[in-house]
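J.: Listed below, chain by chain, are the residues.
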Amino acid sequence: MSSRLWAAGATAAATVAAVLVLVVVTTAQRRYERAFALRMAATTAAYVAAVTPPPPPPPSPRRVPRGRRRAAVPAPPPPPAPAPQSPAARSYDLPSLLTQAHALRTLPGWSSDVEVYFGTAPLVDATAPPLSPDDLPHLAAGGRWRDGAALVPLNDRAGQEVVGAVAVRPRPVPHGPLPGGLGFAFPAAIVAVGAAATIAFRQHSLRRGGYVGAALLLALAGYLDVWAAARQSTDRWLVDTRRLLTEAATRLPPPRARVAITDLAAMVRDGEIVVGEPAESAPRRVRIDGEQRAVVAVLIGPGRWIELRSVPAEAEAPKWLILLLPGALLGPLAIMALRWAERTPVRSRRETVMAWGFLAPAALHLLMFTVGPAIYAIYLASLANFRALVRDPLTWNSFVTSAAYALYVPISIALALAVALAVHRYRERGGWGRRLVSVAFLLPYVSSVVAIALLWQATYHAGSLGLGRPDWLSNSHTALLALMLVSIWAHVGGQMLVFLGGLDAIPQAYLDAALVDGAGAWRRFWRVTLPLLRPVTWFVFLTGVISALQMFTLVFVVTQGGPFPLHATDVVVHRIYRTAFGPQALGMASALALMLGIVLLIFRWPQLKLVRRQERHA
Amino acid sequence: MRRVLLGALGVVMVAPFLYMMSVSFMGEGELLRWPPALLPASPTTGNYAAAFQALSYTRVLLNTAILAGCVMVGQVLTSAAAGYAFARMRFPGRDRIWTSLLAMLAIPAIVLLIPRYLIIDALGWVDTYPGLISTELVSVWGIFLMRQTFVMLPRDVEDAARLDGAGEWTLFWRVALPLARPAVGAVAVLAFMDQWRNFLWPLVVTRTPRMEVAEVALAHFHTAYAANWPYQMAAAVLVTLPALVVCLLAQRYVMQGVRFTGARVRL
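The listed protein sequences derive, respectively, from chains V and C.
Throughout the first sequence, residue numbering follows this note's numbering, covering 391 to 1008 in sequence.
Throughout the second sequence, residue numbering follows this note's numbering, covering -19 to 247 in sequence.
For the record, the hints were derived by calculation from the structure and aren't laboratory data.
By construction, the Cβ of each residue, glycine as well, lies at the ideal position given by its N, Cα and C atoms.
No false leads were mixed into what you were given.
Chain C is nowhere near these chain V residues, computed Cβ spacing over 12 Å in every case:
hint : residue
1    : Ala402
2    : Leu428
3    : Ala516
4    : Pro520
5    : Ser522
6    : Pro569
7    : Arg659
Simulated restraints, written as ranges between beta carbons of each label pair:
hint : chain 1 : residue 1 : chain 2 : residue 2 : range
8    : V       : Thr640    : C       : Asp101    : 39 to 45 Å
9    : C       : Asp101    : V       : Arg739    : 39 to 45 Å
10   : V       : Arg1002   : C       : Ala141    : 29 to 35 Å
11   : V       : Arg924    : C       : Ala102    : 42 to 48 Å
Computed from the model, here is a short list of chain V residues facing chain C with C-beta under 7 Å:
hint : residue
12   : Pro763
13   : Tyr766
14   : Ala841
15   : Leu845
16   : Ala880
17   : Gln885
18   : Ser937
19   : Gln940
20   : Met941
21   : Leu944
22   : Ala983
23   : Gly987
Construct the complete structure from the given sequences, taking the supplied hints into account.
T.: What follows is the structure, encoded as structure tokens:
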């Protein structure tokens, strides 16, 4: 490859990486702007619903003039009581709605344009195109983004039916502090591409050219821009909502002498309103009960201040790093690959490309579904969750329960080893008998686990009838033992077959030599058989413990963690499942899973060492 | 004496299954008597007909077969390809990548459960076949087993084929893979059985009965008909039967799988 070509390739790779980062940044900025607009539209719809009065009651039917014929006419049925919940009564007074909508348009200091639709007709700008009739039923499912505006449903006063829509079109605002409203990412991208071009055309090494540093700087600049956009979306919402709240305080329909905070809080469902104190007008970030909150002070009457709070959007901005960092590092990686390709002879270059072709499916899958999730799990489980877990007695209970349950492993291994020693060398070689017996031992390894759980539950149930008391599974003291018994039954056959395989592999000559030396059966077992069986035994033991600590199905089907209130069989994985998919505390569940993962590592490490030794042996 | 011991143990292993079969033919009240009936007084197949319906057996079986089949094919292909690359090809960083791959074995599945669920949710794949299948398509143990096998294959055949002008792909597909058939069988049977009995992931990622696999459907069946044991046992037999057939047909590979996994049942 000529050096010119190489330099052009490197510059192209750096450009692609820089453009990728810019695309991610722009996408994030647009996402946050849309999120702001949708949120603002929802708040505006709630505002409109709160300040617009219901239509005046329909004129009451004219009374029949009293006359002489009154007696002859049967008394008219009493007029139906005006149902307060009739659709018409739940709707809005159109003239007032028109006024409120126009007032919104002229609200000073708002950063968006607003349009209110009653039915499908626009109220503020009457010449704007109306909505199509199928839009409203679609909107009932939730807000959506259309033609540069956030469109959310306007519900009737009772919040039951969609009677119109509110559209909020955010006005463009500068995305960064640099002239022209530019953020940091754009200049950083130019610097990165420039650095790549310089080192490529001057033939410096990648390290000396500082391109890796420039690429990291690009990722950082992109992240700063995304973070600023997130912060801006929260701030915009706070400031504009403050405007609405002040307005609402004067407009809430009579009879109201004084606006109550609860009335305003009903308008701002995704925020929080508390009594506040006078403060500067810019939104601030404060820590409330250990959680970061964005707050702004609102004046709603003479000397009456409230505080509007919201979860700051930038708190979850780091998730964009998942896209930004790989995007930015793509450039250096591509250049490194080019450099390597330049130096390597054609044959081994072809072999490498071929190898990565073979590896690619597995590698991509592992990145996406193993490495990525593992990092994500650590990110999900915050320190606060660990602290809460350590304080929760149920956590400790679950770990103790799991550890107690795992005690069945040595028991079943000892049993399996004893039986294997007893029947070894006396088995029928081949033939139907042996085949049938080993199929019997393999049964628990192939049959449905839920079926095993059910059949043992049925067996315990049937067995308890004669005793005239609840079965073992309903007794807090015996439930775990009953489950351990099932586990021993399920494992012992397969473990025995594995030990038989291990015993077959021991050369008879060793045992004969020991016999010649006058060693008894007991001594032969301790000195010859067991040491030679040790790798197998260790492996079976470690995998047994690892799988025992991850037991779930049996508990889920049979006891659901009970008998309660002692949580007698509430093993760790069951606790994780309940935490994650009961109260949806995913971060907490992830933290618990990580704790279990660390415990599992204690057993996994020696297991992997065994595997590696076996691999080298092979 | 020892043969008796082995036989006795075999009986202990089989007896619960026989009892399950027996109960599945009983009437509803027969299990509530003491001493418990070992054999049905008047065998009936009504439980099976009813369980077949209530379990929506064909649908559930189809879902399980799709899951197990796709994962089996996926794991065999990715494991064989990756194992071959690690065993037979030379490329920069191979040994380091192999070590980090083995280190991935230390990440337990339970840690990955919640993030994987969130990823599948973000992709909009909850309650779909892609959601059910995609996370299971690659197995590090499978790659490990295949690499071991390819490393131990004699190189002579390959060299001969190479002299005949065979490309790398032909070598893999026509020469190495057929020679590694026992390992391929072990990976396939292991993947199939593991997915047939997979419970936690399908439980988390499916919502509607339409997408349920056999294990999850059986667990839900259990909650719905908690007191009717014969009914539940019939459903349990229905769910166990297909796996049992596979076991009888591929007993050698199942044994290999049991040995390779250190005789663990994912209870």
